[in-house]
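Input sequences plus hints: build the corresponding full structure.
So the sequence lines, in the order shown, correspond to chains A and B. Taking the working numbering, the leading residue of the first sequence gets 1, the next gets one more, and so forth. Taking the working numbering, the leading residue of the second sequence gets 1001, the next gets one more, and so forth.
Please keep in mind that the hints were generated in silico from the structure rather than gathered at the bench. This structure is a prediction, so every number in the text was calculated from the model and none was measured. A portion of the hints provided could be inaccurate.
Unchecked claim - Straight-line C-alpha distance at most 27 Å; calculated BS3-like pairs for lysine-lysine:
#1 A:K63 x A:K266
#2 A:K3 x B:K1010
#3 A:K187 x B:K1184
#4 A:K3 x B:K1152
#5 B:K1177 x A:K3
#6 B:K1225 x A:K63
#7 A:K3 x B:K1128
#8 A:K169 x A:K191
#9 A:K169 x B:K1128
#10 B:K1128 x B:K1225
#11 B:K1225 x A:K169
#12 A:K187 x A:K267
#13 A:K187 x A:K63
#14 A:K191 x B:K1089
#15 A:K187 x A:K266
Claimed, not checked - From the derived model, a few chain A residues whose C-beta atoms are all more than 12 Å from chain B:
#16 I24
#17 S44
#18 F48
#19 F51
#20 L58
#21 K63
#22 Y66
#23 V69
#24 I101
#25 D122
#26 G182
#27 G225
#28 K267
Stated by the list, open to error - Computed footprint of chain A on chain B; a stretch qualifies when at least three of its residues, placed anywhere within it, have a C-beta under 8 Å from a C-beta of chain A:
#29 1021-1033
#30 1041-1051
#31 1078-1085
#32 1094-1102
#33 1117-1126
#34 1179-1190
Backbone N, C-alpha and C define an ideal beta-carbon position, used for all residues, glycine too.
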Amino acid sequence: MKKFRSMTYPYIIWIAVMIVIPMILIVFYAFTVEGNSVASIKFSFANFIRFFTDVIFLEVLLKSLYIAVVTTVVCVLLGYPIAYVIARLPSRQNMILILLITMPTWINMLVRTYAWMGLLQDGGVFSSILSVFGLGDVQILHTDFAVILGMVYNFIPFMILQIHTSLAKMDSSLLDAANDLGADGAKSFLKVTLPLSVPGIVSGITLVFLPAVSSFFIPKLLGGGQYVLVGNIIENQFLTAGDWNFGSAISLIMAVVIMISMFLTKKVDVKASSNGED
Amino acid sequence: MEKKKSIPSKIILVLTLLFFYLPIAYIILFSFNDSRSLTKFSGFSLQWYEKMFSDSTMMSAVLYTIIIAVIATAVSTIVGIITAIGLSKSRRIVRNMVEQINNLPVLNPDIVTGIGLLMLFSAFAINKGFMTMLLAHIMFCIPYVMLSVTPKLRSLDPNITDAAMDLGATPFQALYKVIVPQIKPGIVSGALIAFTMSFDDFIISYFVTGNGVQNISILVYTMSKRVNPSINALSTLVIVIITVALGIVNLVPIIREKKKRK
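Okay, here's the thing in structure tokens:
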């Protein structure tokens, strides 16, 4: 047994270096200011003060949250009916459709986002469709709509798959019981199906919200160069401005925002499932 | 749950598939366009493929992507298997600790993992380039291998390994001849996930690369600022490679099943 156990030692050292140290570095940089020769390390909150006293940064944070929340809501509203319809299909078609929905997620996100750039361009497929309705002059690319569309496109499969899993696990005899007890379709959906699928919705929300808040290439490709979300600021601080301390502080703020949102979502989950048990 | 398809649900399914596959179809179609336009298809041509294959930046990006994906898959599969087996025999505290730390890159946004690695490499004064990208890919691939191998290990009978060793097998032989063959399906799916994760990665690669080393995603990102239909050809190549890889993995078990039945 000892011999087998020792097989894990190299990996433990590996994750200490490759996962734990980077996390420590982010926290360290966030709470220090530039000039990090070991002799002159100075702990300070300057980076955080700079972020929270600057209206521009706060606006960007709010905008990122707004885009991520809208994306998540759209993913739930569109993803739920899709998952519901698929879950009711015979098992063979069910399997094929799930495979068809999983397939695109395996293809490079960047490639798929780039495709939307072409589709949404002026004179592109989308605007030709709109011009049929007399809306030819509407600009789509480089708007909030384009960014949200790109995010929904990239992240909705996660939502569909999570909701589908929770619906597929459901015991269908519960629905029969509800019907026998006099519930009509709408009522048994609201009282039985929906509460039982809440855990799926919640894990779907987690999987959509997290990448949506931190995304930086979707806003850049579909929102245009002037479109800035939190992810773009972080990218900029690290790769252009070179202010790693400020960049680390922003990523830490983003991580905290994400944790708070996750905590709130989980709370809703517990509440909803305990309601379902009444 | 099985009911006949109603018309609204049919419409939902058709629209869903259209939404998912329209952009992919669009990319493939316009990679054969004979003009520069990204909005009007004027005729069939292979010129963008010719341009792609003669463009050395594009070809080196394809090469880097494949080399890194292959090495990262091989290394992370081997390390992942060894670690997962070792963990299955370890104390619970160790197991939980490793699982928790493994989860960090999954729970963190990729951008955070990316900047963390960027700062790590510069703290150790490692020049950014091929090596740093490879190390980063190995780092994020291993947890996926472990995730797909560990459940298979749990369902193994621990006595079989002991029996093999009682019968004179060295621990290495027991590992290689007894444990590995039984967890093969988990290994295959873990390796596939690792390969596609590495092949498709953009965010982490983008932060840890340097020295002109670009993978396909980074290239698409930097080139997409200007109209360049060769990107469509490159994207089509990516779509084909991933679809073939997925096809093989999904079809092989089905074909094997059929042969067994015969």
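* To do: Compare the structure with the hints numbered earlier in the document and write down the numbers of the violated ones, lowest to highest.
  => 2, 3, 7, 9, 11, 13, 14, 16, 24, 25, 27, 30, 34
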